[in-house]
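Participant: Chains as they are written, first to last, in my numbering: chain A, 1 to 327; chain B, 1 to 551.
Quick caveat, the hints were computed from the structure, so don't treat them as lab data.
Please note that a few of the clues may not be correct.
Derived CB-CB ranges, DEER-like [unchecked claim]: (1) Phe185(A) with Pro112(B): 38 to 44 Å; (2) Asn304(B) with Asp176(A): 43 to 49 Å; (3) Thr55(B) with Leu79(A): 24 to 30 Å.
Residues of chain B placed beyond 12 Å of chain A at every Cβ, according to the derived structure [as the list claims (entries may be wrong)]: (4) Ser39; (5) Ala115; (6) Asp141; (7) Asn149; (8) Phe154; (9) Ser178; (10) Thr185; (11) Leu227; (12) Gln314; (13) Pro326; (14) Ala347; (15) Glu354; (16) Ser368; (17) Lys418; (18) Gly481.
Where chain B lies over chain A, by a calculated footprint (3+ residues, C-beta under 8 Å) [claimed, not checked]: (19) 87-98; (20) 167-173.
C-beta: ideal position from N, C-alpha, C; glycine also.
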Amino acid sequence: MRFVLRRLGFFVLTLWAALTINFVIPHLLPGSPVISMMARYHGKLHGAALKAVEAELGVDTHASLLSQYAGYLKNSATLNFGTSVQYFPTSVTKMVGPAIPWTLGLVGVTTVLAFVLGTAIGAIAAWRRGGKADSILPPLFVIGTGLPYFWVAIMLIMLFAVINPWFPTAFGSDADITTGWNAEFIGNVIHHAVLPAAAILISSIGTWVLTMRNTMVTTLAEDYIRMARAKGLSSRRIMIDYAARNSILPNLTGFAMSMGFVVSGAVLVEYVFAYPGIGYMLVQAVENEDFPVMQFLFLLITVAVLLAVLVADIVTALLDPRTRSAR
Amino acid sequence: MKNRLRTLGVITAVACSLVVTACGGSTTKSGRGRTLTISNENGGLWTCGFNPFNTSTNLLSTGNVYEPLVFVNTLQNQKVTPWLASSYAWRNNNKTITFTIRDGVKWNDGQPMTAADVLFTFNLVHKFPALDINSIWSVIDTVSQQASNIVVNFKTAAVPYFYYIGDQLPIVPEHIWSSIKDPATFADEHPVATGAYMVNPCTPQNITYTANPHYWQPGLPKVAKVLYPAFTSNDPANTYLATGQAQWGSQFIPNIDTFYTKKSKDHHTWSPPTAQVVLFPNEKVAPLNDPVVRQALAYATDRNKASSIGEGGQEPPANQLGVVSPTFDSWIDPAAKAADTYTYDPAKVATLLEGAGYKKGSDGIYASPQGKRLSFSVINKGGYSDWVAAMKVVQDGMKAAGIELKASNLSDDDFNSKLFNGNFDLAYYSEPLAGPSPYYELRAWLYSQGSAPIGKPATSNFERYEVKATDALFDSFAATGDPATQKQIIAQLEQLMLKDVPIIPVTQSVNWFQYNTATFTGWPTPDNQYALPAAFQYPDMGQVLLHLQPK
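Put together the whole structure using the sequences plus the hints.
Facilitator: Next comes the structure, spelled out in structure tokens:
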């Protein structure tokens, strides 16, 4: 219990630090929203009209940095993130909201898949060290990790969407399909997700395979494995309950981290497939000095990562008593 | 909408052109029949707002959904086509204009559109200056309604403002907008308008436009449905075009011959130039305040290579006259054209600089009699890889001619802040189409009203060129409706561009356009330039949609 409380305290402290940095960094960037506004009107808007637009947007604020910071903390606590500067007058939540399910769906599912598949393949490869699976699979997946993501994506589009038009070239669903919880729409979404998901899997699974395999190889040399064999336990039980359970710990922390980063989207997937997620939205917000959107997305990512790490800490403590007794 | 190539795009574009035979495919699976798909990079998802006074959404609703009073064709010497006004007339020495509002026009909710709605629109943008995106009320004195006529009185003669009030002001319904408290923050998700199309429905991923059953032009539009998917980046948009899934494209396609036009006999491209990409010398920085140095810079600028290498030949070189060619060729004075000797000419640079007492140093760079080297920094948008490439070419050319340029490629906001506030030696920059004649762009760059002291943001005269005689030329242009007098004034400005070199136009930006004739005909072509062809060009895209028909 004390352990969990300590973790929670640490969580709150990190959250505050992250929030503060999230506030400070955008304000250190060169340029200002006023300048962006002027650029948007291409010199055709001047004088009173320009002032009026600035007032509408609230970018003419002369409030001190400290009072802006207080307002920002208050807004973060009440989940009020204001309107986007770039897509004025759309509110930040209305803009980002529709993109979140797409990102969670695509990147979340593929991250879980990559972790499960990668860990399983790594465990099997280590268990049959030197066997066929071990000499073929890990190197293959490592090559996949080494390939530039956009190249994999373009190759997939070329082979399976253009030459053989089995899958769509872009988007999360057909342009004129009606959104809704029906078989047609869900099928359409899955059909559109196959290539982006495959591209993410190909380029991310290798890391899991390699970490799992290498940790497991070390674990297999431990005395307690030999002991288990001597006791005459079944191979299957040794592999899963003894070797894999101990080897999975480093992967688990990594997995928690990547689950946190799921909300940051996959910029390149969204770029190449015009997928409606939030990763590319973040890039655009940074480019256009869209502070409200930027702050909301950074906050989302920070909170997700911190939560994921918290969960990982607790799970690790459950799986591995040493992390508990160490303190 | 973005007609620039982003860095991320280059990587993928290059990768794509490696496998170019495959990246484009041959199938035409959708697009048959009466549904047209637009492929134009938007950079983000749709917000599903269509407020025609909002500069980030007006390109989605002006022309096709909301309509202006008239259509002014940039490509046909400002030819005017009546739209919601059936006719118009200037009087009172070009200080008053009367629009006669068309009879029998209905809003798409079935209510009649009248002159009262037009009057309401004028008053609306007056009451809410944030809506007045072309500052029309800076020149308008009064607007009044006389039966079906709308009379606009200007403070002074304002002929060029005809474009802003006639072509660029979307007319909105009084019965909807009068009850909106703050029209500037109004999203307008279900626009009630007079245009040929209605929004039905819009999602963050796609806008569907369907034909307006109440449309006032009988038999139009012939294309029943238009899809506008939200392309966040260039590559998927280009693939959509190359595979025939989209028929109307409006962005840069690298290596367009192999990637697009050679793929099918139905694939065509025609991107007319509409504005100039300009090198601005800061006139408050010595020795750039010396016309001789600026002339030398102009002779040291290799426009042809900037176009052929920097822009891959897809954006033509500009001329020192400051007039976009061939779009505005009828405005080019033969005498000025003959006097334009500004081609890349290091020998001429040497003559000019040595005549002014400059001497070449041991490093090959000229130095002033006081020993100050001709070395300038040039600010550029780092995200526009084609501009960066063009500037690299210009830099090399200048170096060979004895002038040093140091490129500094900045983020958009850093760049804008330096450009507006005048914190630069040279700046490389362009604006999208300024207007339907060379007057608009030249006025933006050269009229002293657009300038500001260094450290204060200038709206358009970034080089800070402030000459009273030049201002007078622009004022006299605005006061005359006589085409011959107008041309003669532009001719004087062209001579001034040659002599004074206030700015150095390098290349010309174009109205990107790719079109597929397999399923639709009636596209704008070089032989039938009835409107600017890009899908992001408003209200022109409304005209294009009215001309298109399914095969």
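Participant: Just want to verify: Ser39(B) was marked as not at the interface with chain A; is every Cβ pair farther apart than 12 Å?
Facilitator: violated, 10 Å
Participant: Does Gln314(B) sit more than 12 Å from chain A, CB to CB?
Facilitator: Consistent with the label, Gln314(B) stays out of reach of chain A, its closest Cβ about 22 Å off (over 12 Å).
Participant: Report holds if the minimum CB distance from Gly481(B) to chain A is greater than 12 Å, and violated otherwise.
Facilitator: holds, 22 Å
Participant: Could you check that no beta carbon of chain A comes within 12 Å of the beta carbon of Ser178(B)?
Facilitator: holds, 19 Å
Participant: Taking the Cβ atom of Phe185(A) and the Cβ atom of Pro112(B), is their distance within the range 38 to 44 Å?
Facilitator: Once the Cβ atoms are compared, 40 Å apart, the range 38 to 44 Å for Pro112(B) and Phe185(A) holds.
Participant: Would Lys418(B) pass as off the interface with chain A, using Cβ distances and a cut of 12 Å?
Facilitator: Per Cβ check, Lys418(B) is inside 12 Å of chain A; nearest 9 Å; violated.
Participant: Could you let me know if the closest chain A CB is still more than 12 Å away from the CB of Asn149(B)?
Facilitator: holds, 27 Å
Participant: Taking the shortest Cβ-to-Cβ distance between Phe154(B) and chain A, state whether it exceeds 12 Å.
Facilitator: Non-interface label on Phe154(B) holds, nearest chain A Cβ at 17 Å vs cutoff 12 Å.
Participant: Run the C-beta distances from Ala115(B) to all of chain A and say if the shortest one exceeds 12 Å.
Facilitator: Ala115(B) is indeed farther than 12 Å from all Cβ atoms of chain A, at 25 Å.
Participant: Count the residues of the segment 167-173 of chain A whose Cβ falls closer than 8 Å to any Cβ of chain B, and tell me whether that reaches three.
Facilitator: With 5 residues in contact (Cβ-Cβ under 8 Å with chain B), the coverage given for the segment 167-173 of chain A holds.
Participant: Compute the least Cβ-Cβ separation between Asp141(B) and chain A, then decide whether it is above 12 Å.
Facilitator: holds, 16 Å
Participant: Taking 8 Å as the C-beta cutoff, is the stated coverage of the segment 87-98 of chain A by chain B satisfied by three or more residues?
Facilitator: holds (count 7)
Hint violations for this structure: numbers 4, 10, 11 and 17, all remaining hints satisfied.
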